[in-house]
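Model the full structure from these sequences, guided by the hints.
Here is what each chain is made of, one letter per residue.
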Amino acid sequence: MSQLPVSLSINIPFLNNNHALIAQKSLSPDPMLKPDTVNVQYKIKNNTILNIIVNGIDDRVIRVTVNNLLENLKTIIECFETF
Amino acid sequence: MKLDFDTRAKPGQKWYIALGMEGSANKIGIGIIKQPIGDPSNPENRSIILSNIRDTYNAPPGQGFMPRDVARHHRNWVVRIVAKAISEAKIEINEINCICFTQGPGMGAPLQSVVIAARTLSLMWKIPLIGVNHCVGHIEMGREVTGANNPVVLYVSGGNTQVIAYSRQRYRIFGETLDIAVGNCLDRFARVLKISNSPSPGYNIEQLAKKGGKFIELPYTVKGMDLSMSGILEFIEELTRRQNEKIEDLCYSLQECLFAMLVEITERAMAHVNSNQVLIVGGVGCNERLQEMMNIMVKDRNGYVYATDERFCIDNGVMIAQAGILEYRMGGNCQIEDSVCSQKFRTDEVFVKWRE
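For the record, the sequence lines run as chains A and B.
Under UniProt numbering, the first residue of the first sequence carries the number 1, and numbering increases by one thereafter.
Under UniProt numbering, the first residue of the second sequence carries the number 1, and numbering increases by one thereafter.
Worth double-checking, as some hints may not be accurate.
Stated by the list, open to error - Only part of the chain A face toward chain B is listed, based on derived beta-carbon distances under 8 angstroms:
| id | residue |
| --- | --- |
| 1 | P5 |
| 2 | S9 |
| 3 | F14 |
| 4 | S26 |
| 5 | P29 |
| 6 | D30 |
| 7 | M32 |
| 8 | K34 |
| 9 | I53 |
| 10 | R63 |
| 11 | E71 |
| 12 | T75 |
| 13 | E78 |
| 14 | C79 |
| 15 | T82 |
Claimed, not checked - Straight-line C-alpha distance at most 30 angstroms; calculated DSS-like pairs for lysine-lysine:
| id | chain 1 | residue 1 | chain 2 | residue 2 |
| --- | --- | --- | --- | --- |
| 16 | B | K126 | A | K25 |
| 17 | B | K90 | A | K74 |
| 18 | A | K45 | A | K74 |
| 19 | A | K25 | B | K223 |
| 20 | B | K34 | A | K25 |
| 21 | B | K126 | A | K43 |
| 22 | A | K74 | B | K10 |
| 23 | B | K84 | A | K25 |
| 24 | A | K45 | B | K126 |
| 25 | B | K14 | A | K74 |
| 26 | B | K344 | A | K34 |
| 27 | B | K10 | B | K34 |
| 28 | A | K74 | B | K353 |
| 29 | B | K14 | B | K353 |
| 30 | B | K353 | A | K25 |
| 31 | B | K210 | A | K25 |
The set of hints was computed from the structure by calculation and includes no laboratory data.
Everything numeric in this text was worked out from a predicted model, so none of it was measured.
All C-beta atoms, glycine included, are put in the ideal place defined by N, C-alpha and C.
Okay, structure coming up:
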């Protein structure tokens with residue numbers, strides 16, 4: 001396992017545990033394109049918070065990865081809102 | 001062997017309803033279909049289309065669409081179009097039996113932007129997910145709309161060019177492009193001419209070609225059962241730069257040359273499998289000149305050409321629902337962990353459980 005010196009943790013609060021779990025399950029199947037430069041871990045904290053930890057080789061891959069995650073989260077939250 | 005299509009039907013259930021979500025290229029399509037119980041190959045059990053909504057991302061003239069921009073477009077629309085499709089279909093969410101999505105082949109980012117919504121809806125509503133091969137979606141929709149029972153399939157679009165025949169529960173590829181797809185060749189030529197990408201580059205070339213009539217000889221590159229088109233594109237690009245020929249004549253000649261190659265390999269596939277039916281699917285399939293040329297060839301063989309109009313030729317959600325519902329009825333179920341999309345997903349990888 002190579003060194004991944006940069007890391008970022010984001011916490012996304014949801015209305016309830018079910019929503020947080022759905023978000024985790026919808027995001028987690030997709031593998032990272034370059035697993036040797038970045039990895040992502042998903043955890044549920046305090047029942048309703050989705051905690052995402054991104055470890056990467058530099059700032060740039062972290063930014064790209066997190067941007068993509070947030071875009072996907074927008075779609076997921078829009079689903080919750082609409083239906 | 002008699003297939004049982006109704007092992008999953010609840011007592012008293014008369015219909016299956018499927019939601020299809022397609023987003024493998026520059027179009028996002030959501031469709032809902034309803035299929036009665038019983039053998040789907042029986043003409044009385046045809047699928048009923050409840051809604052079929054599509055939105056296309058078009059790049060400016062002279063440019064192609066970029067995966068990133070297309071993904072942004074799909075993300076922007078996906079949830080709204082699903083809501084619209086459901087309200088247009090006048091169904092309740094709990095009536096839906098399965099959510100079908102395109103698992104590949106296609107462009108990675110757009111595919112991924114749609115599958116995220118499919119997973120979320122499947123988890124929220126507790127409805128099974130079904131992953132569908134895009135090419136199989138085209139074939140099944142073509143068969144359903146036209147009633148062709150066992151045709152040789154010519155699948156021609158912006159991303160794919162394949163001649164396919166069914167044999168022993170696989171759609172087998174008889175011939176295909178060795179480099180770029182025929183639709184891609186037309187699209188890129190449209191970029192050289194800087195003509196509009198709306199409604200589609202191929203349509204605009206077709207209209208220009210109708211005004212041309214002088215045949216300019218281009219390389220004819222059939223390689224056995226396969227074909228190659230990148231050289232033709234390069235050649236015609238050079239001709240365009242020299243500006244000695246009229247644009248209309250160039251469009252006409254490009255169409256004639258490409259379509260003659262397609263007709264040739266289709267004819268050979270028909271001879272191989274002893275079939276006299278041809279089904280044309282995919283975006284380029286709505287080109288009337290291609291349909292006409294195919295008709296001339298097939299008439300000599302006393303056969304039929306089946307083609308559909310732009311609603312079903314061009315990528316749409318209904319076709320994903322159609323292929324997905326068949327898979328669902330044969331017991332298919334895609335676990336969330338296995339719902340990763342793939343840019344490469346060959347037509348013959350799919351085990352066709354619903355045909356004998």
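Here is how each hint holds up against the structure:
1. P5: violated (27 angstroms)
2. S9: violated (22 angstroms)
3. F14: Hint on A:F14: violated, closest Cβ of chain B at ~12 angstroms, above 8 angstroms.
4. S26: holds (4 angstroms)
5. P29: holds (5 angstroms)
6. D30: holds (6 angstroms)
7. M32: violated (12 angstroms)
8. K34: This hint is violated: A:K34 lies away from chain B, its Cβ roughly 13 angstroms from the closest one there, beyond 8 angstroms.
9. I53: violated (20 angstroms)
10. R63: violated (14 angstroms)
11. E71: OK, holds: A:E71 within 8 angstroms of chain B, min 6 angstroms.
12. T75: Holds - the Cβ of A:T75 comes within 8 angstroms of chain B, reaching about 5 angstroms at its closest.
13. E78: holds (4 angstroms)
14. C79: With a minimum Cβ separation of about 4 angstroms from chain B (threshold 8 angstroms), the hint on A:C79 holds.
15. T82: holds (5 angstroms)
16. B:K126 with A:K25: holds (13 angstroms)
17. B:K90 with A:K74: holds (27 angstroms)
18. A:K45 with A:K74: The given pair, whose Cα atoms are some 20 angstroms apart, holds under the 30 angstroms limit.
19. A:K25 with B:K223: Since the Cα atoms of A:K25 and B:K223 sit roughly 46 angstroms apart, the hinted pair is violated (cutoff 30 angstroms).
20. B:K34 with A:K25: Measuring from Cα to Cα gives roughly 29 angstroms; hence the hint holds.
21. B:K126 with A:K43: holds (22 angstroms)
22. A:K74 with B:K10: violated (36 angstroms)
23. B:K84 with A:K25: The given pair, whose Cα atoms are some 25 angstroms apart, holds under the 30 angstroms limit.
24. A:K45 with B:K126: holds (24 angstroms)
25. B:K14 with A:K74: Given that 30 angstroms is the threshold and the Cα spacing comes to 37 angstroms, the pair is violated.
26. B:K344 with A:K34: The hint holds at about 17 angstroms.
27. B:K10 with B:K34: holds (15 angstroms)
28. A:K74 with B:K353: violated (37 angstroms)
29. B:K14 with B:K353: holds (22 angstroms)
30. B:K353 with A:K25: Holds, at about 29 angstroms.
31. B:K210 with A:K25: Violated, at about 52 angstroms.
Consistency note: the structure conflicts with the earlier hints numbered 1, 2, 3, 7, 8, 9, 10, 19, 22, 25, 28, 31.
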